[in-house]
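Q: Each chain, letter by letter, is given below.
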Amino acid sequence: MYRKSLGEKTFDGSIIVLLILTSLVMIFPFYYMLVISFSSYDDYLRDGVVLWPKRWVLDAYQAIFDSKPFIRSIGSTVFVTVVGSLVDLIMTSSMAYALSRDIPGRKFFNLMVVFTFLFSGGMIPTYLIIKATGLIDTYWALIIPGCISAFNLIIIRQFFRSIPSELNDAALIDGASELKIFVSIVLPLSKPALAAFSLFYAVGHWNTFFDAILYLNDSTKWTLQVVLRQLVVMGDVSNTLHQSAEAQMAKNANPTPPETIGMAAVLVATAPILLLYPFLQKHFAKGVMLGSIKG
Amino acid sequence: MKKTNASLLLLLSLSLGMTACSSKNEEAQPSGSSAGTSPSASAGASGTTASPSADPNAKKLDISLFEGIWSSVPDPGGPGAQAINEKFNVNYKTNLVPMDQAAQKLAVLMASGDIPDFVGLGSADASFVKWAKQGAFLPLNDYIDKYPVLKYVPKHAWDSVTVDGKIYGIPRFSTTKYRNYPIIRKDWLDKLGLQMPTNYKELLEVAKAFTFKDPDGNGKNDTYGFVMANGLDNEMAIGSGYASDTWSMKNDKGQYIPGVISEAGKERTQFLHDAYAAGVVQKDWPVLTYKDNRTMFWGGKAGIYYEGTPGSSALFSQILKAVPTAVIEPIPPFKAPDGSQALPGLSGWYQMYALNGKLKDDPDKVDRILSMINYFGTFIDPKDQNENNPDFDWQNGGIGKGYTMENGVAVTPDDDTTSLRPKSYLQVAPWAPSDEALQVDRRAANNPIQKAYAEKSVALWSKPNSTYISPLYSIHSDLYNTKFWELMTKLLDEQTKMIVGNTSMDNWDKMVDSFLKNGGQEVIDDVNQKLKEAGAEPTYK
Numbered sequence: 001m002y003r004k005s006l007g008e009k010t011f012d013g014s015i016i017v018l019l020i021l022t023s024l025v026m027i028f029p030f031y032y033m034l035v036i037s038f039s040s041y042d043d044y045l046r047d048g049v050v051l052w053p054k055r056w057v058l059d060a061y062q063a064i065f066d067s068k069p070f071i072r073s074i075g076s077t078v079f080v081t082v083v084g085s086l087v088d089l090i091m092t093s094s095m096a097y098a099l100s101r102d103i104p105g106r107k108f109f110n111l112m113v114v115f116t117f118l119f120s121g122g123m124i125p126t127y128l129i130i131k132a133t134g135l136i137d138t139y140w141a142l143i144i145p146g147c148i149s150a151f152n153l154i155i156i157r158q159f160f161r162s163i164p165s166e167l168n169d170a171a172l173i174d175g176a177s178e179l180k181i182f183v184s185i186v187l188p189l190s191k192p193a194l195a196a197f198s199l200f201y202a203v204g205h206w207n208t209f210f211d212a213i214l215y216l217n218d219s220t221k222w223t224l225q226v227v228l229r230q231l232v233v234m235g236d237v238s239n240t241l242h243q244s245a246e247a248q249m250a251k252n253a254n255p256t257p258p259e260t261i262g263m264a265a266v267l268v269a270t271a272p273i274l275l276l277y278p279f280l281q282k283h284f285a286k287g288v289m290l291g292s293i294k295g
Numbered sequence: 001m002k003k004t005n006a007s008l009l010l011l012l013s014l015s016l017g018m019t020a021c022s023s024k025n026e027e028a029q030p031s032g033s034s035a036g037t038s039p040s041a042s043a044g045a046s047g048t049t050a051s052p053s054a055d056p057n058a059k060k061l062d063i064s065l066f067e068g069i070w071s072s073v074p075d076p077g078g079p080g081a082q083a084i085n086e087k088f089n090v091n092y093k094t095n096l097v098p099m100d101q102a103a104q105k106l107a108v109l110m111a112s113g114d115i116p117d118f119v120g121l122g123s124a125d126a127s128f129v130k131w132a133k134q135g136a137f138l139p140l141n142d143y144i145d146k147y148p149v150l151k152y153v154p155k156h157a158w159d160s161v162t163v164d165g166k167i168y169g170i171p172r173f174s175t176t177k178y179r180n181y182p183i184i185r186k187d188w189l190d191k192l193g194l195q196m197p198t199n200y201k202e203l204l205e206v207a208k209a210f211t212f213k214d215p216d217g218n219g220k221n222d223t224y225g226f227v228m229a230n231g232l233d234n235e236m237a238i239g240s241g242y243a244s245d246t247w248s249m250k251n252d253k254g255q256y257i258p259g260v261i262s263e264a265g266k267e268r269t270q271f272l273h274d275a276y277a278a279g280v281v282q283k284d285w286p287v288l289t290y291k292d293n294r295t296m297f298w299g300g301k302a303g304i305y306y307e308g309t310p311g312s313s314a315l316f317s318q319i320l321k322a323v324p325t326a327v328i329e330p331i332p333p334f335k336a337p338d339g340s341q342a343l344p345g346l347s348g349w350y351q352m353y354a355l356n357g358k359l360k361d362d363p364d365k366v367d368r369i370l371s372m373i374n375y376f377g378t379f380i381d382p383k384d385q386n387e388n389n390p391d392f393d394w395q396n397g398g399i400g401k402g403y404t405m406e407n408g409v410a411v412t413p414d415d416d417t418t419s420l421r422p423k424s425y426l427q428v429a430p431w432a433p434s435d436e437a438l439q440v441d442r443r444a445a446n447n448p449i450q451k452a453y454a455e456k457s458v459a460l461w462s463k464p465n466s467t468y469i470s471p472l473y474s475i476h477s478d479l480y481n482t483k484f485w486e487l488m489t490k491l492l493d494e495q496t497k498m499i500v501g502n503t504s505m506d507n508w509d510k511m512v513d514s515f516l517k518n519g520g521q522e523v524i525d526d527v528n529q530k531l532k533e534a535g536a537e538p539t540y541k
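Residue numbers (our numbering), protein chains in the order written: chain A, 1 to 295; chain B, 1 to 541.
Don't read these hints as lab results, they were simulated from the structure.
All of these numbers come straight from a predicted model, not from anything done at the bench.
Wrong hints could be hidden among the right ones.
What the hints assert, rightly or not - Once the Cα atoms are required to be at most 25 Å apart in a straight line, the calculated PhoX-like pairs of lysine-lysine come out as:
id	chain 1	residue 1	chain 2	residue 2
1	A	131	B	291
2	B	321	A	54
3	A	131	B	358
Please take these sequences and the hints and turn them into a complete structure.
A: Now the structure itself:
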């Protein structure tokens, strides 16, 4: 039986200790949020809470779930995330498939995609387009403009290219149309890739913040992150940003809610997307390797 | 092969032409609350004495507003907005966003030409001047005389919103007094047998005692003399003469200079340096935020911080829970090297409304907007701020719904009831005839600690000639508005380093020199020239 030498044991041991410490550093913020969110605000103020709440209470959670804007914003965000990711996937994969095949002008379209990868229109022209297309004040303003990410498109295109062309030829001989090939052969073969990119897109939509403020004039449609920001950091603007004394007074007169509520809100807003990761983990690892070997 | 190419192209064009699937859904529905009774109707109709516009024959007008607000955002179609629609015969569309995102969105709206009928602006900054010059806003000179409330707007406020001789904004009221100012735990002073400090030397001793002599008596070494946060928030200026934004000291050439580079500023920085070395302020203050400070002070763990008057009732209720016996008082101002012994005053106005330049052919709409501002800006005497005053009751959404009365004070929580109050949709601070007329201490009636503090503080502010009014409030210097704040950031960085001991206090002169060389002198020249032109001097009110 192989015995580890003392040196190897210390080496292994120190790696384990290091990894435990690293993971603690990452887990602690979440743990801290959890503990604070379950503390009563009085305890938090009086003694501070570090490792264990004095009393476990649900005050903070009650407060956020009693808040109409918060609940409403969860609805908005879920809608934008689900519908948005779906639209993103359909749009991105169909375009990627087209670009992965020999079609006239492929180079030109590829170039166009790469161009948007490097340069963007900027905030104001984008706003003008959204306004001109009548998307202002609709959830589609958060979904359609970003529904094809150039980066994701290129990776998915590479993935499609890696599917053997013989499959395609065989299907053609059997009389399948391109659409049939795409839907029945290419997409099912690409499930891991699609899972990975749906996660990318979903996280992006879940975190929608400034677009919602910019394009949605109706505050009842605002997404979770906008409402969350008001609960946690509103008025927390640093004083080094030039603020008049009057502005500071106004800021002080509207304090953000207690930290316990802020922490509870952050947890509620992070949990769904956090819980998604472990289940998509295996696809995720596979997904990021896509296109890394074969060009 | 042709066919496959065609269908591939089709796929491609489908995805490229994505905008085609634009929206048909999501019509702006005035949320479920629309069915609710509007609390206004009856009260509003009977109490329109202050509103010149309540002409029943007036045409129904669409009016839109964009503004950043500090409080929580009300639902655009909420009962409060509908009450406004009825009272003023308008279709009022508000687009209110959190204050810290407002500037960016406004810039996009202005640049894209998608400008609402009127917009709320923070101050007469460079963007405002630029937009006014480009004709985005309506000159208001011919209109303002008609609205009684605007007579209270002081001249220097009108001057500030005037560009090339034309008035482009309606300034909104803010107090001159009652600014954020250092406060101290008087009960700690008493417990430790200390006197109220009268200079920085005594202040340092007090801060040391607060830190090491267990003022809260819990047997733990867990208190601090005072708290500060990044950007030198709570700079511990005890008196206007020591504040970094005060212009009252002169240099060798007889020019006014900002407090941040004056001898007084140096004395204060030296105090902060010594205090830091003595360990009476948190070691990590440069990375803390003012929110951390609040938790410390209002949780009863620090002795000195700052607050306005009458102060935030939310904060005072925190300390009432944490330390029911706390006594909080403002620290009377120290005598400063400029000879003053005064409290720092404010400009007397904050934020403004500007009207869309396109409204010049629509005097009806201009009148309706200004009437609304006039109505909401009309001052109601504090003793009448209750359910018996129809205007007050209407503006606050009706008693028992939008507000409740406690100890003779109206309480308006910042929660879902926000949408019930019409005044949430047009947050004009009423123009009070004077700061004293506000009787701010009345608002503190619900909390004994706050009540005692507010009375003490109002008494301090009410002493004649006790409030320093900056001469800069009467001038408009672009250089100051832009360049100075850029340089100020550097100065604060340098001073932070000195305070925590990363650089020596001996570098003070070097810091000032570099400030002057890098544009500071130009700012001082410009400000002083404008002061001379305007004949403005520091005054004490």
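Q: Quick one: which hint numbers does this structure break? Sort them smallest to largest.
A: Hint 1 contradicted; others consistent.
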